[in-house]
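Each protein sequence line maps, in turn, to chains Z and H.
Under our numbering, the first sequence has 108 at position 108, and the numbering climbs by one with no breaks.
Under our numbering, the second sequence has 172 at position 172, and the numbering climbs by one with no breaks.
It should be emphasised that the hints constitute simulated quantities derived from the structure, not laboratory data.
Where is the CB? At the ideal position from N, CA and C, for every residue including glycine.
Hints may contain errors.
As the list claims (entries may be wrong) - Ranges between beta-carbon positions, derived for each pair: (1) H:R79 - Z:Q166: 28 to 34 Å; (2) H:G46 - Z:L235: 41 to 47 Å; (3) Z:L35 - H:A135: 46 to 52 Å; (4) H:V114 - Z:K49: 35 to 41 Å; (5) Z:H225 - H:G142: 16 to 22 Å; (6) H:G46 - Z:L31: 48 to 54 Å.
Stated by the list, open to error - Non-contacting residues of chain H with respect to chain Z, defined by C-beta distances greater than 10 Å in every case (computed): (7) Q24; (8) S54; (9) V87; (10) V93; (11) Q107; (12) I113; (13) G142; (14) Q152; (15) R180; (16) W257; (17) T259; (18) G279; (19) D283; (20) I285; (21) V297.
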Amino acid sequence: MLTMGGFYTLLYKEVLRFWRVGFQTVAAPILTALLYLLIFSHVLEAHVKVNGIGYTSFLIPGLVMMSVLQNAFANSSSSLIQSKVTGSIIFVLLPPISYLELYAAYVLAAVVRGLVVGTGVLLATLGFGSLDFVAPLWIMIFAILGGGILGSLGVIAGIWADKFDQLAAFQNFLIMPLTFLSGVFYSIHSLPPFWQHISHWNPVFYMIDGFRYGFFGVSDVSPWHSLGVVGACFLLLTGLTLQLLRSGYKLRA
Amino acid sequence: MQSPESALAAIRVEGVSKRYGQIQALNGVDLEVQRGEFFGLLGPNGAGKTTLISSLAGLTRPDSGRISIMGRDVQGDYRAARRQLGVVPQELVFDPFFSVRETLKIQSGYFGIVDNDDWIDEILANLDLTSKANANMRTLSGGMKRRVLVAQALVHRPPVIVLDEPTAGVDVELRQTLWRFIKRLNQEGHTIILTTHYLEEAESLCHRIAMLKAGKVIALDTTENLLDQFSAHTLRVKLSSDAASESHAEKEIAGGWQTFPFAEFAEVETLLARLRQSGQRIDEIEIGKTDLEDVFVKLMQGQGH
Chain Z
1 MLTMGGFYTL
11 LYKEVLRFWR
21 VGFQTVAAPI
31 LTALLYLLIF
41 SHVLEAHVKV
51 NGIGYTSFLI
61 PGLVMMSVLQ
71 NAFANSSSSL
81 IQSKVTGSII
91 FVLLPPISYL
101 ELYAAYVLAA
111 VVRGLVVGTG
121 VLLATLGFGS
131 LDFVAPLWIM
141 IFAILGGGIL
151 GSLGVIAGIW
161 ADKFDQLAAF
171 QNFLIMPLTF
181 LSGVFYSIHS
191 LPPFWQHISH
201 WNPVFYMIDG
211 FRYGFFGVSD
221 VSPWHSLGVV
231 GACFLLLTGL
241 TLQLLRSGYK
251 LRA
Chain H
1 MQSPESALAA
11 IRVEGVSKRY
21 GQIQALNGVD
31 LEVQRGEFFG
41 LLGPNGAGKT
51 TLISSLAGLT
61 RPDSGRISIM
71 GRDVQGDYRA
81 ARRQLGVVPQ
91 ELVFDPFFSV
101 RETLKIQSGY
111 FGIVDNDDWI
121 DEILANLDLT
131 SKANANMRTL
141 SGGMKRRVLV
151 AQALVHRPPV
161 IVLDEPTAGV
171 DVELRQTLWR
181 FIKRLNQEGH
191 TIILTTHYLE
201 EAESLCHRIA
211 MLKAGKVIAL
221 DTTENLLDQF
231 SAHTLRVKLS
241 SDAASESHAE
251 KEIAGGWQTF
261 PFAEFAEVET
271 LLARLRQSGQ
281 RIDEIEIGKT
291 DLEDVFVKLM
301 QGQGH
């Protein structure tokens, strides 16, 4: 059962938490994405076109979505590990908050941070390329579902990790490779057949490809196909995260 | 079927056991705390006090047994049970992103209470925190952070309040402020469960006391009865240093003081006569009551009746 009290307060607190340290949680990733854009577009803009689109314009949606995903993961995972390590998780575990409310609040706050950073990256990079926004609904659907998936993964990582080192390993050896090797910087059609095949097993590829479709109306695979994969991943991870929270794994002895 | 007393119980613990690996933290604990009681839960480190409190609060799931708070099962009806309970944790924990007032408003919100400013102001005033209401938690001293933990446990006006070593490492002023406020809440009908290593606090505050050892309740009685189980008084004498060394004292204390337990005042004359007969010269005499610490030590050493 979802009651507004516990859920709404936890959501508010999680959003306020990242907003209080906005330089670190919002401004820094926007600057990082902008630097990627400046460097890659300077080197490749004159030489590369993807599906008839200039490289800088092609890159912008990829960077936006990558920022959404990485920051959604960072929000839920860092909040949980920090409160576990300091012991302040007790303030969330003592009140009558259901596991469903915990899940919804942490993941929704992760989506909010992802969207705030993603919007910031979009605004900061808009003047460098030419974006068409041909299907805004697809843009929103993939941003929200992608943020939800990485927010759920963040909850899982935050619950599983006992120390910051373990969380960093999860982030650097799983999340980073999945996002960097997902077509943010290239179309997978430019890859050799073997790597194209491998890329089709990376769910982040479908998030980026579907998201980019919303801007240009062209993509490596059908947006419906991407929606199917992303939707299935979301449901699967939601189920897994809810099961973890319900069992009290590493939260309630 | 529950007895009328059980139905009135603030806390009811039935056959609760919990094992962590090789350690049996709780071993078939049965306990009832009546509504409005000021109840002490004592025991050495590792006795199972914190595990029992964690089980009450739903932070730990017992391997077996059942716990209810104000008649609400802590597992099956956890939402209702947690609304009845306020816990002041032992560890000094805080969320560094927020001020004191924000912390309390957020904690209220977790319990579904939106407009709680009047009660928050009252708690802040009673815990001498008003001047720190807008200070960030990071900037507070340890004692102030401890006060905020107490305040957080009270924001939803729980009928049952658990204080897990609330005065560990805090100054005299906070202790006095805290106990004044907690006593008032107890007089207003709140049930208080206290764990502490300061046994004089438990003796002066608690109506009833349970003592835990190795996960079992080894004593459960009123504070008065526990004290009466052992010699209720002690005779302390300081013997002259040049006197003969023979003594029948229960324990010798540095500086020549010796302690003799007795039950009735009529025994004092006999004790003094015996000392005179053995050739000892008494320089000073004190008569005192056996305190909870004596009872605690004897029970933990297995000398209980």
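These are the hints, each one checked on the structure:
Separation of R79 of chain H from Q166 of chain Z is about 32 Å and conforms to the stated range, judged on CB atoms against 28 to 34 Å. One distance hint, 41 to 47 Å for the beta-carbon pair G46 of chain H and L235 of chain Z, holds here, with the actual separation near 45 Å. Under the hint 46 to 52 Å, the C-beta atoms of L35 of chain Z and A135 of chain H, about 38 Å apart, miss the expected range. For V114 of chain H paired with K49 of chain Z, a C-beta distance near 55 Å fails the hint of 35 to 41 Å.
Between H225 of chain Z and G142 of chain H the CB atoms are about 58 Å apart, so this pair departs from the stated range of 16 to 22 Å. In this structure the supplied range 48 to 54 Å holds for G46 of chain H paired with L31 of chain Z, their Cβ-Cβ distance being about 51 Å. Residue-level check passed: Q24 of chain H sits 14 Å from the nearest beta carbon of chain Z, beyond 10 Å. The claim that S54 of chain H is not at the interface with chain Z is violated, since a C-beta of that chain comes within 10 Å of its own (minimum 7 Å).
For V87 of chain H, the requirement that its beta carbon stay farther than 10 Å from each beta carbon of chain Z is not met, with the minimum near 6 Å. A cut-off of 10 Å between C-beta atoms contradicts the statement that V93 of chain H is not in contact with chain Z; the least separation is 4 Å. Distance check on Q107 of chain H: its Cβ comes as close as 6 Å (rounded) to a Cβ of chain Z, failing to clear the 10 Å threshold; non-interface status is violated. The Cβ of I113 of chain H does not lie farther than 10 Å from every Cβ of chain Z; its closest approach is about 7 Å, which violates its non-interface assignment.
At roughly 14 Å from the closest C-beta of chain Z, the C-beta of G142 of chain H stays outside 10 Å, upholding its exclusion from the interface. For Q152 of chain H, the shortest C-beta to C-beta distance to chain Z comes to about 7 Å, within the 10 Å cut-off, and the non-interface label is violated. For R180 of chain H, the requirement that its beta carbon stay farther than 10 Å from each beta carbon of chain Z is met, with the minimum near 25 Å. Look at W257 of chain H: its CB is around 44 Å from the nearest CB on chain Z, clear of 10 Å, so calling it non-interface holds up.
At roughly 42 Å from the closest C-beta of chain Z, the C-beta of T259 of chain H stays outside 10 Å, upholding its exclusion from the interface. Taking the minimum C-beta to C-beta distance to chain Z, about 61 Å, the non-interface status of G279 of chain H holds against the 10 Å cut. Under the 10 Å C-beta cut-off, the non-interface status given to D283 of chain H relative to chain Z holds; the minimum distance is some 53 Å. Under the 10 Å C-beta cut-off, the non-interface status given to I285 of chain H relative to chain Z holds; the minimum distance is some 50 Å.
Interface exclusion of V297 of chain H from chain Z stands, the closest Cβ pair being 31 Å apart, more than 10 Å.
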